[in-house]
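Below, each chain spelled out in residue letters.
2 protein chains.
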Amino acid sequence: MNAISEDRQTRLRAVAAQVADRVEEAMRSDLASALHGCDPLLVEVLEYGLFGGGKRIRPLLAVLSSSICGRRDADVYLLAAAFEYLHVATLIHDDVIDHARNRRGREAVGRKYGMAAAILAGDWLHARSMHLVGRLTGSEGLDIFCRATGAMVDGEFLQLRYVGDAGIGEQEYFAVIARKTGSLIASTCTIGALFAGGDLGQQQAMNRYGEKVGAAFQVVDDLLDYLGNQQQTGKKVGNDFIEGKVTLPVIAAMEQAGTEERRELKALFSGDRTRSGTCDRLYDLLERLGGFQRARQTAEELVREAVAALQVFASAEEEETYALLAAIAEYILVRNK
Amino acid sequence: MNAISEDRQTRLRAVAAQVADRVEEAMRSDLASALHGCDPLLVEVLEYGLFGGGKRIRPLLAVLSSSICGRRDADVYLLAAAFEYLHVATLIHDDVIDHARNRRGREAVGRKYGMAAAILAGDWLHARSMHLVGRLTGSEGLDIFCRATGAMVDGEFLQLRYVGDAGIGEQEYFAVIARKTGSLIASTCTIGALFAGGDLGQQQAMNRYGEKVGAAFQVVDDLLDYLGNQQQTGKKVGNDFIEGKVTLPVIAAMEQAGTEERRELKALFSGDRTRSGTCDRLYDLLERLGGFQRARQTAEELVREAVAALQVFASAEEEETYALLAAIAEYILVRNK
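Here the protein sequences line up with chains A and B, keeping their order.
Per the working numbering, residue 1 is the first one in the first sequence, and the count goes up by one each step.
Per the working numbering, residue 338 is the first one in the second sequence, and the count goes up by one each step.
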């Protein structure tokens with residue numbers, strides 16, 4: 001990383017911390033009013049799910065997307081909270097679906113409070129997020145937001161369809177991650193711009209930026225699943241493999257593999273994936289066939305495309321916000337959890 | 338039932354069938370556009386969940402609530418579909434939570450397609466319903482709708498809190514059912530009136546009608562859980578007892594019970610509720626202490642209050658719709674499934 005990037009990352013960390021504080025404040029105040037008179041257990045479950053040390057990347061994107069289109073008033077933190085609500089709702093439901101034990105180094109909501117409480121708390125957050133987006137951006141924003149939610153569900157179904165199938169290509173992979181991760185991040189950026197009164201060109205630019213950031217984020221996430229340190233990511237290394245999720249390192253390795261290696265890769269995915277030594281063997285193959293390297297290059301390319309999408313905002317006036325949005329995209333490549 | 342009521346019920350059945358057809362048509366056309374390009378399994382799960390022979394009472398209420406405020410164009414069927422979407426979303430999630438095997442005489446969605454598909458399909462319907470309500474009634478309607486959804490979740494938490502506690506009173510019972518059942522039905526009626534441009538007085542009248550109809554509906558549902566025929570309701574008789582749900586027949590019986598009977602009732606709920614003979618013993622006690630009779634009277638009183646709330650619409654012009662809404666309330670007392 002060069003000196004300019006390092007400078008940007010330092011500035012980004014400071015702004016991200018400020019925004020996270022203000023968004024958490026907005027969430028607490030919104031919950032206090034929305035949950036007035038509600039069952040104490042519902043309140044507890046929601047607080048546990050929401051205040052467990054998330055990175056608040058989606059709220060930060062919402063705030064900066066609004067800011068770069070010229071709107072910086074306090075309501076933006078409530079809008080930002082809506083995206084965190086939806087994000088946490090999907091995490092809670094996903095953890096129920098995956099029977100996950102942990103999330104962010106703590107017990108998953110469903111594990112701690114039971115499946116019923118987790119499904120219901122997710123539904124509550126879901127409804128509240130729609131409520132806020134509708135209130136703050138009207139039916140135009142709600143339309144974008146609900147389409148993104150529908151796409152997320154569709155992405156999960158697509159992913160289920162491809163479980164254990166090491167024969168899928170990049171096209172199928174990117175179709176899944178565009179829906180699963182890209183859609184909410186792109187909608188966050190687009191709605192941030194819409195909220196600020198950005199014109200269609202600005203909304204489209206932020207949408208493209210969000211799509212690329214989301215895709216890069218997921219590619220790196222999938223890489224970290226193999227390369228990350230369990231303590232840092234809170235995930236077991238090779239978790240995706242065990243669940244049969246075929247991600248970019250595998251697809252890229254398949255493209256370089258000879259007949260025998262292709263057969264072995266397919267057999268690893270369609271066989272007993274929990275058998276001792278299979279994950280290590282897969283890791284060796286992916287390394288040797290350049291799967292990790294190729295996935296890394298793809299993430300770098302996506303980040304370049306994300307930054308390029310910001311070009312329409314490259315004026316002296318918006319230099320600061322522009323640099324922060326670029327720094328978020330670049331941060332994806334240096335994160336290790 | 339007197340002759341006028343019988344006449345009304347016949348007319349209601351005909352209108353209900355017409356509305357159900359048009360709402361199903363609206364759902365099919367909406368799904369075709371919203372699900373264009375989506376995973377075929379998602380499409381299949383949604384169609385299975387939505388077209389399984391529901392009574393379409395919420396859509397009917399939406400259509401009539403709009404109609405009595407003077408709006409009868411085709412868009413109302415799309416609005417009506419939104420309420421059915423949300424209703425089915427909650428049924429699908431509830432069945433996952435309760436590990437239910439069957440719903441409406443068929444396998445429950447979660448049982449047939451697995452928990453992951455069921456949770457995700459519920460989320461999809463949830464988002465789509467918000468989308469439609471926001472599009473058709475703006476953020477004012479969305480606000481009412483999302484509050485109702487939040488209340489439903491709160492009602493489920495309250496209900497979990499009271500499981501196995503035969504010491505709760507009518508107040509706690511009505512707090513649960515107002516949230517769990519009343520809120521969505523009341524919001525359906527209120528939003529129907531709002532959609533039609535009804536004034537605040539009309540919206541409030543429809544809200545009150547919906548609250549009372551919802552409460553009466555739930556009281557009868559709880560009665561049928563003990564008295565209904567399994568083939569007709571699709572439920573095992575005494576299911577609520579086995580799940581530890583303390584409903585109005587029990588609460589009413591407790592109020593009439595002597596010390597010894599109170600002790601026995603409490604012991605039945607806090608003990609092993611699946612033990613052979615316990616449900617029969619409870620049934621005898623509820624019968625003897627007038628629990629069923631008192632619950633029935635309460636339902637009748639709620640229906641009277643629902644019809645009374647319609648008074649503001651009692652003009653010659655709206656006689657037909659008025660009579661149908663009254664007939665829906667009265668139908669609750671004659672339904673047996």
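Since the hints were made in silico from the structure, they are not lab data.
All of these numbers come straight from a predicted model, not from anything done at the bench.
We treat Cβ as the ideally placed atom computed from N, Cα and C, and that holds for glycine.
There's no promise every hint is true.
[Claimed, not checked] Here are the simulated BS3-like pairs of lysine-lysine, each with C-alpha atoms no more than 25 Å apart in a straight line:
1. 55/A x 112/A
2. 245/A x 266/A
3. 112/A x 603/B
4. 392/B x 449/B
5. 603/B x 582/B
6. 245/A x 449/B
[What the hints assert, rightly or not] Away from chain B, derived, C-beta distances all over 12 Å, residues of chain A:
7. 138
8. 140
9. 179
[As the list claims (entries may be wrong)] Where chain B lies over chain A, by a calculated footprint (3+ residues, C-beta under 8 Å):
10. 157-167
11. 269-283
Now for the hints, and whether the structure bears them out:
1. Among the hinted pairs, residue 55/A with residue 112/A is consistent with the structure: their alpha-carbon atoms are about 21 Å apart, no more than 25 Å.
2. For a cut-off of 25 Å, the pair hint linking residue 245/A to residue 266/A stands: about 12 Å separates their Cα positions.
3. Restraint check for residue 112/A and residue 603/B: not satisfied, since their Cα atoms lie roughly 29 Å apart, outside the 25 Å limit.
4. Among the hinted pairs, residue 392/B with residue 449/B is consistent with the structure: their alpha-carbon atoms are about 21 Å apart, no more than 25 Å.
5. In summary, the hint linking residue 603/B to residue 582/B is supported, as the alpha carbons are separated by about 12 Å, within the 25 Å threshold.
6. For the suggested pair residue 245/A and residue 449/B, the alpha carbons sit about 23 Å apart, so the restraint of at most 25 Å is met.
7. For residue 138/A, the condition that its CB be more than 12 Å from all CB atoms of chain B is violated, with the nearest at approximately 6 Å.
8. Its beta-carbon lying about 10 Å from the closest one in chain B, residue 140/A breaks the requirement of being farther than 12 Å from that chain.
9. Distance check for residue 179/A against chain B: the nearest CB is about 9 Å away, which does not clear 12 Å, and the non-interface claim fails.
10. Taking a C-beta to C-beta cut-off of 8 Å, the stretch 157-167 of chain A contributes 4 residues in contact with chain B, enough for the three needed, and the coverage statement holds.
11. Counting residues of the stretch 269-283 of chain A whose C-beta lies closer than 8 Å to any C-beta of chain B gives 0; at least three are required, and the coverage claim is violated.
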